[in-house]
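Asker: Once you've looked at the hints, dock chain B against the given chain A.
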Amino acid sequence: MSASSVAALPLLPKIAALRVRRERALAALGLPALLLLALIFAFPVLRLLGLSLEGGSLEWYGKALGEGLYLEVFWITFRIAALVTLLALLLGYPLAYFLATTTRFWTTLGFIFVILPLWTSVLVRTYAWMVLLGRNGVVNRILLELGLAREPLPLLYNELGVVIGMVHVLIPYMVLPIYSALKRLDPSLAQAAEGLGAPASRIFLRIVLPLTLDGVFAGAILVFVLSLGFFITPALLGGGRVIMIAVLIEQQVRETLDWSFAGALSAVLLAATIAIYGLAQRARRHGAEPPP
Amino acid sequence: MRAAVGKARRRPRPGRIALGAISALIFAFLILPLVVVFPLSVSSAPYLEFPPPGLSWRWYENYFGDPVWIDATLRSLKIATSAMLLSLLVGTPLAFSLVRGRYPGRALLDRLAAAPMIVPAIIFSVAVYGLFAKLKLIGAWYGIALAHTVLALPFVVIVIGAGLRGFDEALEAAALGLGASRWQAVKRVTLPQIRPSLVSAALLAFVTSFDELVVAMFLAGSEMTLPKKMFDNIRMEIDPTIAAVSVLQIALIALAVLIAQRFGRGALEVK
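Chains as they are written, first to last, in this note's numbering: chain A, 1 to 292; chain B, 1 to 271.
Only chain A is shown next, with the shape it has when bound in the complex (with noise of 0.2 Å):
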């Protein structure tokens, strides 16, 4: 290729001219989606965001950030976008290990079981927790059976109904990320700690885990942040309850009409999502230790 443009190098505004017209055309291919993202994506939500900044003034926003209620909605989304993610971590983690560590068949066959719920609608699975948590649900027919709960628990319409219907949702987010930062790992590592005698227990503290992080540290931004902006799992399984701020701002549209607020709302969590995506890169870029 370098050879034959040497020889050719009286050509060279022509070859120039020609990748000018490949990369208009290739520009132009882009066009009709680019079309479709200004006047249905971008547009709208700018004009959402717009709407916030009504009569030029950050009113909207003091009420968002200033006043009680609604600083308890946001504070109850961390909450439980933090508790979230760390169960998701918890239950992820040795699902990923075992996925990346077991036999053919049974990646096989676990990938299929992690995989399947991605594929069923939201809300099929929550309205099967619905089923299995209710008063009369499958979950504590069971525990009154074995004698473990003296009267039914209230595991629905609360924050811990939601919880358990998110983790659910989000497990195969984290399982992905972190599965396949277990495969990048040198096995030759844990088999020479294993040979100067390491215990099992220390192979995976000192060398497995830290060389994991990255892949926990990627799925955990992706399990937090859409966990900040659910809607279906805490609407329903909240039962009117548990207001995260997606059913807020939910709520200010369809009920109060207050589309300056929804706007102001809607605003704070793109501003959050977005930060925490960019700080992940960032950290992510420099090579940094994430954060504990």
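Just so you know, these hints were derived from the structure itself, not from any lab.
The reader is advised that the hints may include incorrect statements.
[Stated by the list, open to error] Under the rule of at most 25 Å between Cα atoms (straight-line distance), these lysine to any residue pairs were calculated in the SDA-like manner:
| hint | chain 1 | residue 1 | chain 2 | residue 2 |
| --- | --- | --- | --- | --- |
| 1 | B | K78 | B | G65 |
| 2 | B | K187 | B | A162 |
| 3 | B | K134 | A | A42 |
| 4 | B | K136 | B | V68 |
| 5 | B | K134 | A | D258 |
| 6 | B | K134 | A | W259 |
| 7 | A | K183 | A | I112 |
| 8 | B | K78 | B | G15 |
| 9 | A | K14 | B | V186 |
| 10 | A | K63 | A | W259 |
| 11 | B | K78 | B | A256 |
| 12 | B | K187 | B | L176 |
| 13 | A | K14 | B | G177 |
| 14 | A | K183 | A | A218 |
| 15 | B | K187 | A | R22 |
| 16 | A | K183 | B | I26 |
| 17 | B | K78 | B | V257 |
| 18 | A | K183 | B | G20 |
| 19 | B | K78 | B | E223 |
| 20 | B | K187 | A | L46 |
| 21 | B | K136 | A | W259 |
| 22 | B | K134 | A | E255 |
| 23 | B | K78 | B | S222 |
| 24 | A | K63 | A | S260 |
| 25 | B | K134 | A | R254 |
| 26 | B | K136 | B | D71 |
| 27 | B | K187 | A | L18 |
| 28 | B | K134 | A | K183 |
| 29 | A | K63 | A | A275 |
| 30 | A | K14 | B | F96 |
| 31 | B | K136 | A | S260 |
| 32 | B | K134 | A | G55 |
| 33 | B | K187 | A | R24 |
| 34 | A | K63 | A | L46 |
| 35 | B | K78 | B | L171 |
| 36 | B | K136 | A | Q251 |
| 37 | B | K78 | B | Y142 |
| 38 | A | K63 | A | G240 |
| 39 | B | K134 | A | A267 |
| 40 | A | K183 | B | G15 |
For clarity, every value in this text was computed on a predicted model and none was experimentally measured.
Answerer: Showing chain B alone in chain A's frame:
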């Protein structure tokens, strides 16, 4: 199997057994909600009772006999098919543009194309609701299809983009050298080569739309989509018809995945 750590352990140890047991419990947690709807859907009890006292098809009959359910299903199929076709039509050229282009602004377009995946669904839904209400598009099925196209676009671009990155552009150049036009070369050489990606992208786009609730909730008006009808039913009168619908939906998705795998593999075998 390049087992990172498993290789270091030749015989099962207590730790290994514990890991297996814990994993089994987590797998059960993952699969339980999918399994529980099956017995429920054939229960004769008029309300949620588990285990079911007897067998009955009445919830399936309820579903098939109720024009509102059938209407909602057909509308969702129409919307999902349109969103799938449109997102492929717009997303495939975009994937070519993003993978091969080096023009200024490409990085920005790349970000914009991924944005619908990052912006929380509730924000996008409310925003489009505001716009479409002004345009009197609430209740129009094609309005929902357009919004779903936007939601499906990032997946289409990611999947087809990955296919294109794995494709050897020299093959296309060879076709050009043999006298094919660019369009012919793409149609006869490139697209058949990345067919598995196209099939996966189509399936993802279809499912994204078919399962989507939040956008549809705002845009559907009185014109129900299947997820919206399910949501309303779960909220109002929770009866096992939902279980029957859930089973049908799981079956439909499983069928779609199976078909896609057939097609994907078929395409690979040709190669």
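Asker: Hint by hint, say whether it matches the structure.
Answerer: For each hint, the structure was consulted:
Between K78 (chain B) and G65 (chain B), the direct Cα distance comes to roughly 20 Å. Compliance with the 25 Å bound is thereby established for this hinted pair. For the proposed pair K187 (chain B) and A162 (chain B), the alpha carbon gap of about 18 Å is at most 25 Å, so the pair holds. Of the pairs offered as hints, the one joining K134 (chain B) and A42 (chain A) holds, with about 16 Å between alpha carbons and a cut-off of 25 Å not exceeded. Taking the CA atoms of K136 (chain B) and V68 (chain B), the gap is near 23 Å; set against the 25 Å cutoff, the hint holds.
Of the supplied pair hints, the one linking K134 (chain B) and D258 (chain A) holds, its CA atoms being roughly 16 Å apart against a limit of 25 Å. Distance restraint check for K134 (chain B) and W259 (chain A): the Cα-Cα separation of roughly 13 Å lies within the 25 Å cut-off, and the hinted pair is therefore satisfied. With a C-alpha separation of about 18 Å, the suggested pair K183 (chain A) and I112 (chain A) falls inside the 25 Å cut-off, and the hint holds. For the hint pairing K78 (chain B) with G15 (chain B), the CA-to-CA distance comes to about 52 Å; that exceeds 25 Å, so the pair is violated.
Proposed proximity of K14 (chain A) and V186 (chain B) is supported: the alpha carbons are some 24 Å apart, at most 25 Å. A distance of roughly 13 Å separates the Cα atoms of K63 (chain A) and W259 (chain A); the hinted pair therefore holds under the 25 Å criterion. For the suggested pair K78 (chain B) and A256 (chain B), the alpha carbons sit about 16 Å apart, so the restraint of at most 25 Å is met. A threshold of 25 Å between alpha carbons decides the hint, and for K187 (chain B) with L176 (chain B) the separation of about 12 Å falls inside it, so the pair holds.
Of the pairs offered as hints, the one joining K14 (chain A) and G177 (chain B) holds, with about 18 Å between alpha carbons and a cut-off of 25 Å not exceeded. Among the hinted pairs, K183 (chain A) with A218 (chain A) is consistent with the structure: their alpha-carbon atoms are about 15 Å apart, no more than 25 Å. The suggested pairing of K187 (chain B) with R22 (chain A) holds, with an alpha-carbon distance near 18 Å, which does not exceed 25 Å. As the CA atoms of K183 (chain A) and I26 (chain B) are separated by approximately 20 Å, the hinted pair is consistent with the 25 Å bound.
At roughly 19 Å between alpha-carbon atoms, K78 (chain B) and V257 (chain B) fall within 25 Å of each other, so this suggested pair holds. For the hint pairing K183 (chain A) with G20 (chain B), the CA-to-CA distance comes to about 18 Å; that is within 25 Å, so the pair holds. Proposed proximity of K78 (chain B) and E223 (chain B) is supported: the alpha carbons are some 13 Å apart, at most 25 Å. The hinted pair formed by K187 (chain B) and L46 (chain A) fails the criterion: a straight-line CA distance of about 38 Å is larger than 25 Å.
Taking the CA atoms of K136 (chain B) and W259 (chain A), the gap is near 18 Å; set against the 25 Å cutoff, the hint holds. A distance of roughly 18 Å separates the Cα atoms of K134 (chain B) and E255 (chain A); the hinted pair therefore holds under the 25 Å criterion. Our distance criterion of 25 Å between C-alpha atoms is met by K78 (chain B) and S222 (chain B), whose separation comes to about 16 Å. For the given pair, K63 (chain A) sits about 11 Å from S260 (chain A) by alpha-carbon distance, which is consistent with the 25 Å threshold.
Between K134 (chain B) and R254 (chain A) the alpha-carbon distance is near 15 Å, which keeps this suggested pair within the 25 Å criterion. Taken as a hint, the K136 (chain B) and D71 (chain B) pair is honoured in the structure, with Cα atoms around 22 Å apart against an allowance of 25 Å. The hinted pair formed by K187 (chain B) and L18 (chain A) meets the criterion: a straight-line CA distance of about 22 Å does not exceed 25 Å. Between K134 (chain B) and K183 (chain A), the direct Cα distance comes to roughly 51 Å. Violation of the 25 Å bound is thereby established for this hinted pair.
Between K63 (chain A) and A275 (chain A) the alpha-carbon distance is near 21 Å, which keeps this suggested pair within the 25 Å criterion. For the suggested pair K14 (chain A) and F96 (chain B), the alpha carbons sit about 24 Å apart, so the restraint of at most 25 Å is met. A hinted pair counts as satisfied when its Cα atoms are at most 25 Å apart, and K136 (chain B) with S260 (chain A) qualifies at roughly 21 Å. Among the hinted pairs, K134 (chain B) with G55 (chain A) is consistent with the structure: their alpha-carbon atoms are about 20 Å apart, no more than 25 Å.
For the hint pairing K187 (chain B) with R24 (chain A), the CA-to-CA distance comes to about 20 Å; that is within 25 Å, so the pair holds. With a C-alpha separation of about 20 Å, the suggested pair K63 (chain A) and L46 (chain A) falls inside the 25 Å cut-off, and the hint holds. For the suggested pair K78 (chain B) and L171 (chain B), the alpha carbons sit about 37 Å apart, so the restraint of at most 25 Å is broken. Taking the CA atoms of K136 (chain B) and Q251 (chain A), the gap is about 21 Å. The hint holds against a cut of 25 Å.
About 9 Å separates the Cα atoms of K78 (chain B) and Y142 (chain B), which keeps this hinted pair within 25 Å; it holds. This hinted pair checks out: K63 (chain A) and G240 (chain A) have alpha carbons roughly 22 Å apart, not beyond 25 Å. Pair hint K134 (chain B) plus A267 (chain A) holds up; C-alpha atoms about 21 Å apart against a cutoff of 25 Å. Restraint check: the Cα-Cα separation between K183 (chain A) and G15 (chain B) comes to about 20 Å, which is no more than 25 Å; the hinted pair holds.
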